[in-house]
Amino acid sequence: MKKLPLVAIPLVLFTLLVLFLFQGLFSDPRELDSQVKGKPLPEFSLPDLMKPDVIYTPEVFKGDVTILNVWGVWCVTCAVEMPYLTQLKNEQGVKFVGLYFDQDLDPDFGTKTLSRVQQEVTQMLARFGNPYDFNIFDVYRDTSLDLGVTGAPEHFVIDHNGIVRMHHIGDINERVWQNKVGPLYYQLMEAKNAEMTSALPQQAGQQ
Amino acid sequence: MKHIIITLTLLLLLPVTSHATEDNFAFDDPAQRATFLRLTEELRCPMCQNQNIADSDAMIAHDMRRKVYSLLKEGKSEQQVIDFMKARYGDFVHYQPPVTAATMWLWAAPVLFAVIAILVVVRRRKPALPDDMAAKLAQAEAMLKQEKE
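For the record, the sequence lines run as chains R and Z. The first sequence runs 3 to 209 under my numbering. The second sequence runs 44 to 192 under my numbering.
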């Protein structure tokens, strides 16, 4: 009776070790805890990529569930996911907004002019489809840094109050949409619609 | 010949610090420059995860170096720069893990292991010695008596 616990110690330790290593097989070392999740978007004031006179602030995301897509013409995976995003927009009415940034280190002294960038973007969108309502031009890539962006493509699901609900690193394809991004998107849409319909009678009553 | 070999071996032992950065960051204050170099070595690139931002050539590392530079120029302290990056990329971005409930075990586990091991060894030894000796002596005494008889 007294011997049993002693024998069990290595067995228990071994089992714990196996469990620890086993779950390690399925963990993704590239997965980072997003720091913006559950928070409103960081402050920014950035121009439209095509119409630099138009300036956007986080206010533009209020009132609609939006997927903010970080991309650039230099990003191959972005080109790959673009047709699928366009399909989502056309078939399900998903609202995509682009956060565009260019690779030139210093935009002020970079080799590319804005019109050159615009031309490349127009060409690429014509070729792969245009899922975007509009593109925000992150000129100095400061907003990307504030959002914790590590590269492209990356996606932020933003609810109708302008709160970031998910940070997805990598592309959106059918599998990702069905298992990860889609369910949250529909849930947020439902929440938004519920809020809209409950707000309507109140407004009517007040008038 | 021997001298050459010795010098070469010594050369190999020199600490090698590599800086992939070709950007020019000018500082007026040498202390601030030292802080900059220390920070870019301590901060980890979120894209190529086993490189610091001084080493990495990823775009995000460029941007982070640029940001560290401008923050230092604004007069921010070393800790403030680290906090700035942590607020965006999490604890992951700093090579020195903070002590939290989860990471505490990194320090506690080895100590705990040593303490338990010492306790086990001490406990097993003490009672065994005098008892055995007495018993053995008694046994030897008995054997001697038997032989005499």
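It is worth saying that the hints were derived from the structure and are not from the lab. Every residue gets a Cβ at the ideal spot worked out from N, C-alpha and C, and that includes glycine. Hints may contain errors.
To be verified - Here are the simulated lysine to any residue pairs, SDA-like style, with alpha carbons at most 25 Å apart: (1) R:97 / Z:92; (2) R:41 / Z:100; (3) R:114 / Z:100; (4) Z:119 / R:37; (5) Z:129 / R:142; (6) R:39 / R:114; (7) R:41 / Z:116; (8) Z:129 / R:169; (9) Z:129 / R:48; (10) R:182 / Z:92; (11) Z:116 / R:39; (12) Z:129 / R:167; (13) Z:129 / R:114; (14) R:194 / Z:100; (15) R:64 / Z:100; (16) Z:129 / R:170; (17) R:39 / Z:157.
To be verified - Pairwise CB distance ranges, derived in the manner of DEER restraints: (18) R:19 / Z:117: 23 to 31 Å; (19) R:56 / Z:76: 39 to 47 Å; (20) R:15 / Z:186: 50 to 58 Å; (21) Z:168 / R:25: 37 to 45 Å; (22) Z:155 / R:89: 54 to 62 Å; (23) Z:166 / R:10: 14 to 22 Å; (24) R:19 / Z:191: 54 to 62 Å; (25) Z:69 / R:79: 51 to 59 Å; (26) Z:179 / R:27: 40 to 48 Å; (27) Z:179 / R:22: 43 to 51 Å; (28) Z:166 / R:42: 18 to 26 Å; (29) Z:165 / R:18: 22 to 30 Å; (30) R:11 / Z:148: 16 to 24 Å; (31) R:15 / Z:179: 49 to 57 Å.
Hint check, failures only: 1, 2, 6, 7, 11, 13, 14, 15, 17, 18, 20, 25, 26, 28 and 31
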